[in-house]
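Asker: Following the hints, position chain B against chain A.
Going down the list, the sequences are from chains A and B.
Its first residue numbered 1, the first sequence is counted upward by one per residue in this note's numbering.
Its first residue numbered 1001, the second sequence is counted upward by one per residue in this note's numbering.
Don't take every hint at face value.
Simulated coverage check for chain A against chain B, where a stretch passes if three residues somewhere in it have a Cβ under 8 Å from a Cβ of chain B [to be verified]: (1) 72 to 81; (2) 84 to 96; (3) 105 to 116; (4) 175 to 183.
On the chain B side, residues computed to face chain A include the following (Cβ under 7 Å) [unchecked claim]: (5) T1006; (6) F1017; (7) P1028; (8) R1036; (9) Y1126.
The hints are simulated quantities; they were obtained by calculation from the structure and are not laboratory data.
On a predicted model such as this, the values are computed, not experimentally measured, just so you know.
Beta carbons: idealized from backbone N, C-alpha and C, even for Gly.
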Amino acid sequence: MAEKGEAQTPTEYIAHHLTNLKFGRLPDGSWGFASSAEEAAQMGFWSVHVDSLAWAVGLGLVFLLLFWLAARRATAGLPGMFQSAIEAIVEFVDTTSKDIFPHKSPWVAPMGLTILLWVFLMNLMDLVPVDWVPWAFTKIGVDYMKIVPTTDINVTLGVAVGVFLMVIYYSFKRKGPGGFLAELAFHPFPKFAAPVNFILESVTLLAKPLSLALRLFGNLYAGEMIFMLIALLYSAGIALALMGGVLQIMWALFHILVIVLQAFIFMVLSTVYIAQAYEVPEDDGH
Amino acid sequence: MDINATLIGLTLAFFAFIAICRAFVWPPLINAMRARQERIAQGLENAEKAEEALAKSNADAEVLLRDARAEGQRLIEQARAQATMVVDDAKEQAREEGERILTTARAEITQEINRARENLRQEVAYLAVVGASRILSSEIDRRKHSAMLENLVREL
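With the rest of the complex left out, here is chain A:
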């Protein structure tokens, strides 16, 4: 692959950068890593994007480790620089989640913090120049390496499904199965139109995780794609390469905003959805 790399067409280059390192059942029936896009495409559902999963879990652990280090030494006394920084984030998440979610729950604020920081760190990988890490991995014999987990729909959808399950859980817990069904069936139109209502409300419900997942995925995928297109300029002569350098810096600066914003939006919308699930129609006067 490395020798072939020089002769890649732009299409091949981009296709290569958009291919995950995939582990699954190979066409010959054995388990292993897909060595080409065709093999990867034939693996079916029971296969894993090892790179996405590893980077996602690794970055999640980085988040937990950082915050755990701060939490371990957290005192009510004078905080150090590190603790202050961590506490500023915690305070921000706490305030935001209290604004959106006025009920008492020991889970919602930690969920918000986890989503914000995890998604942020995964997005942050987008700022690492697109070729560095994949190039390093080809040197140790790994052909495919996508380092931005949030450019993989599986990752964004996986997190969104987690949020969705929490929404379903809280809906059942707060309203009971009957209440939850009633909310789905009796809502926009009167009761005689229950089937129509049910279809409409189910779509609304399913749209929540889908919009969460696709918004994040779309933003990051597009961002990554533009970084790749800019990277293509480097092999197109000195003038275009210089322009590419300028463009990359500008796009990266702009992208700093995008990655923070997308992480924040994911957190806020998750909290909103759970707050909606928490809302019991009877106690309007909360």
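Answerer: Coordinates of chain B only, in the frame set by chain A:
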């Protein structure tokens, strides 16, 4: 769009991370922050209370000082009045004593003069009698001439 088991892995990771965050990360941080908030609030409240106490004790001290000053002034006035009174008394007493002594002395002098006069009178009477007896060469009978002698003595 390649949906596969990665999604399940991510969902599981999501819940695991939230659980870890909920168990080990969030509570210590938020508790420390709340505790600090409380401590700061307490500290501010204490400072305010101390300030109030200080102002109050300052006012108290002021009042005490003013009272003490007034009391001191009053005592000085009193002492001065008392001293004046004592001096006046002493003067009065001295004056009275002097007068008493003077009166006594006067009385004594009068008495002395009277006694001297009496003595002189008696002496003169005696001398007169002696002189007369010498002149008359006879003794004057004291008893006989006592009335005359008495008169004589009284006239002297």
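Asker: If a hint holds in the structure, say so; if it does not, say that too.
Answerer: Going down the list of hints, with the structure as the test:
1. 72 to 81: holds (count 6)
2. 84 to 96: holds (count 5)
3. 105 to 116: Since three or more residues must qualify, the claim that chain B covers the region 105 to 116 of chain A holds, with 7 doing so at under 8 Å.
4. 175 to 183: violated (count 0)
5. T1006: holds, 4 Å
6. F1017: Since the shortest Cβ distance to chain A is 5 Å, the answer is holds.
7. P1028: holds, 4 Å
8. R1036: Result: holds, 4 Å to nearest chain A Cβ.
9. Y1126: violated, 127 Å
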